[in-house]
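Trainee: Sequence:
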Amino acid sequence: MDKLAQYRQIIQQILQGYSEEKPSGSNIDIENIFDIERDHYQVVHVGWEGQDWVHSCILHIDIKGGKVWLQWNGTEEDIAETLVSMGVPKEDIVLGFQSPFMRKFTEYAVG
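If you read the sequence shown in the numbering used here, its first letter stands for residue 360, the second for the next number, and so on.
Honestly, the hints are just simulated from the structure, not real lab data.
Since the structure is predicted, the reported quantities are computational estimates derived from the model, not experimental observations.
Warning: the hint list may mix true and false statements.
Derived Cβ-Cβ restraints for the label pairs, each shown as a range [said to hold, decoys possible]:
hint: 1; residue 1: Gly409; residue 2: Met360; range: 43 to 53 Å
hint: 2; residue 1: Gly409; residue 2: Lys362; range: 43 to 53 Å
hint: 3; residue 1: Met360; residue 2: Gly406; range: 32 to 42 Å
Think about it this way: if two alpha-carbon atoms lie no more than 27 Å apart in a straight line, the pair counts; the simulated DSSO-like pairs of lysine-lysine are [as the list claims (entries may be wrong)]:
hint: 4; residue 1: Lys362; residue 2: Lys423
hint: 5; residue 1: Lys449; residue 2: Lys423
hint: 6; residue 1: Lys362; residue 2: Lys463
hint: 7; residue 1: Lys362; residue 2: Lys449
hint: 8; residue 1: Lys426; residue 2: Lys449
hint: 9; residue 1: Lys426; residue 2: Lys463
Where is the CB? At the ideal position from N, CA and C, for every residue including glycine.
Put together the whole structure using the sequences plus the hints.
Mentor: Listed below in structure tokens is the structure:
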């Protein structure tokens, strides 16, 4: 399996796990958004919580330039470490939510 196909599979597997964790008694839907053609992957919460409309991105991962860009992590897990444990090397992970200046101080790719 080539690297891009492997990264797509890993990302989809991680995000699928989050879509299966619907809070009990909640009217919130958990949706996976997989744009495989453009390599954008998200988990979003959508629905009503009492009188409040909820629409929020929980996880957002892109593949750009052969690297996995962690754009947003609204979970308590270290998704970058999960990616590493599933076979993505640290030099192929970019913490997109970090400023370009700060990325050089992480153990991951700069961009």
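Trainee: Each of the hints needs a verdict: does it hold here or not?
Mentor: Hints, one by one, checked against the model:
no.: 1; hint: Gly409 / Met360: 43 to 53 Å; verdict: 45 Å, holds
no.: 2; hint: Gly409 / Lys362: 43 to 53 Å; verdict: 45 Å, holds
no.: 3; hint: Met360 / Gly406: 32 to 42 Å; verdict: 36 Å, holds
no.: 4; hint: Lys362 / Lys423; verdict: 12 Å, holds
no.: 5; hint: Lys449 / Lys423; verdict: 15 Å, holds
no.: 6; hint: Lys362 / Lys463; verdict: 24 Å, holds
no.: 7; hint: Lys362 / Lys449; verdict: 14 Å, holds
no.: 8; hint: Lys426 / Lys449; verdict: 10 Å, holds
no.: 9; hint: Lys426 / Lys463; verdict: 16 Å, holds
Checked against the numbered hints above, the structure breaks none of them.
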